[in-house]
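From just these sequences and the hints, can you work out the full model?
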Amino acid sequence: MTPKTYGRRGDGVDIDYNIAATPLGHLLVACTSSGVCAVKLGDDPKELERELECEFAAAKLHNDTDKVGEWMMSLVDYLAGRLPWPELPYDVRATAFQRRVWDFLRKIPPGRKVRYAEIAEALGAPKAARAVGRACATNPVALVVPCHRVVGKDGRLTGYRWGLERKRRLLELEGCD
1 MTPKTYGRRG DGVDIDYNIA ATPLGHLLVA CTSSGVCAVK LGDDPKELER
51 ELECEFAAAK LHNDTDKVGE WMMSLVDYLA GRLPWPELPY DVRATAFQRR
101 VWDFLRKIPP GRKVRYAEIA EALGAPKAAR AVGRACATNP VALVVPCHRV
151 VGKDGRLTGY RWGLERKRRL LELEGCD
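Read left to right, the sequence shown gives residues 1 to 177 (this note's numbering).
Any given hint might turn out to be false.
[To be verified] Straight-line C-alpha distance at most 25 Å; calculated DMTMM-like pairs for lysine to aspartate or glutamate:
(1) Lys60 - Asp14
(2) Lys127 - Glu87
(3) Lys60 - Glu49
(4) Lys67 - Glu55
(5) Lys60 - Glu47
(6) Lys107 - Asp154
(7) Lys153 - Glu174
(8) Lys60 - Asp91
(9) Lys46 - Glu165
(10) Lys46 - Asp77
(11) Lys67 - Asp14
(12) Lys153 - Glu172
(13) Lys67 - Glu118
(14) Lys127 - Glu165
[Stated by the list, open to error] Quick list of the computed label-pair ranges, beta carbon to beta carbon:
(15) Lys46 - Ala125: 37 to 45 Å
(16) Pro89 - Ala122: 37 to 45 Å
(17) Asn63 - Leu164: 23 to 31 Å
(18) Lys46 - Glu121: 25 to 33 Å
(19) Asp103 - Glu70: 18 to 26 Å
Please keep in mind that the hints were generated in silico from the structure rather than gathered at the bench. Beta carbons: idealized from backbone N, C-alpha and C, even for Gly.
Laid out in structure tokens, this is it:
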């Protein structure tokens, strides 16, 4: 999705989505023809749907199990511990720095935690740990871009849009202590 299209709240874009129950609560997965454009976790499926409608108010939203099915099931099976982490295509608006951070996050193997500062250093921007944190906080496709694998400088769990308890459970699922 181009930045212009995203800025127009998805105007002219067809977005298919579905919601499923998982061990971590309800999971909403939305996608365009190019990839996943939104992943949301929560306790109330109607609230997840409202969030998607607000984010993509001008898009044509379709609750379609068939079109989202394969990607949805790979994430549901992952959250249930039946499949390894799936590398799914994603279609999101991002700055060049966000894209670099998100691409780096996708290379962190399940079971490994990385500090914000380590990512900044690896990207050649050693003073950009806070910018890395911001990129993680604005990640619209949690799980597809696994920002839950990033921890604070002391190794403790820090902010996660879907709650620290979900972050802890995701890391446990992946074999982190």
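Proposed proximity, Glu172 with Lys153 (alpha carbon, max 25 Å): holds (19 Å)
25 Å Cα cutoff - pair Lys60, Glu47: holds (18 Å)
Whether the CB-CB distance between Asn63 and Leu164 falls inside 23 to 31 Å: Holds, since Asn63 and Leu164 (Cβ atoms, about 30 Å apart) stay within the stated range.
Hinted pair Lys107 and Asp154, Cα distance within 25 Å: holds (22 Å)
Holds or violated: Lys60 to Glu49, with C-alpha atoms at most 25 Å apart: holds (13 Å)
25 Å limit on alpha-carbon distance, applied to hinted pair Lys127 and Glu165: violated (29 Å)
Restraint check for Lys153 with Glu174, where alpha carbons must lie at most 25 Å apart: At roughly 20 Å apart (the allowed maximum being 25 Å), Glu174 and Lys153 satisfy the hint.
Cβ distance range 37 to 45 Å for Pro89 and Ala122, holds or violated: Given a distance of about 23 Å, which is not inside 37 to 45 Å, the answer is violated.
Given pair status - Glu55, Lys67, alpha carbons within 25 Å: Satisfied, since the Cα-Cα distance of roughly 20 Å is no more than 25 Å.
Asp103 paired with Glu70, Cβ distance criterion 18 to 26 Å: Holds - the Cβ-Cβ distance for Asp103 and Glu70, about 23 Å, lies within 18 to 26 Å.
Given hint Asp14 paired with Lys60 - CA-CA distance at most 25 Å: Given that 25 Å is the threshold and the Cα spacing comes to 5 Å, the pair holds.
Holds or violated: Lys127 to Glu87, with C-alpha atoms at most 25 Å apart: Violated: Lys127 and Glu87 sit about 29 Å apart, past 25 Å.
When the structure is compared with the earlier hints, violations turn up for hints 2, 13, 14, 16 and 18 and for no others.
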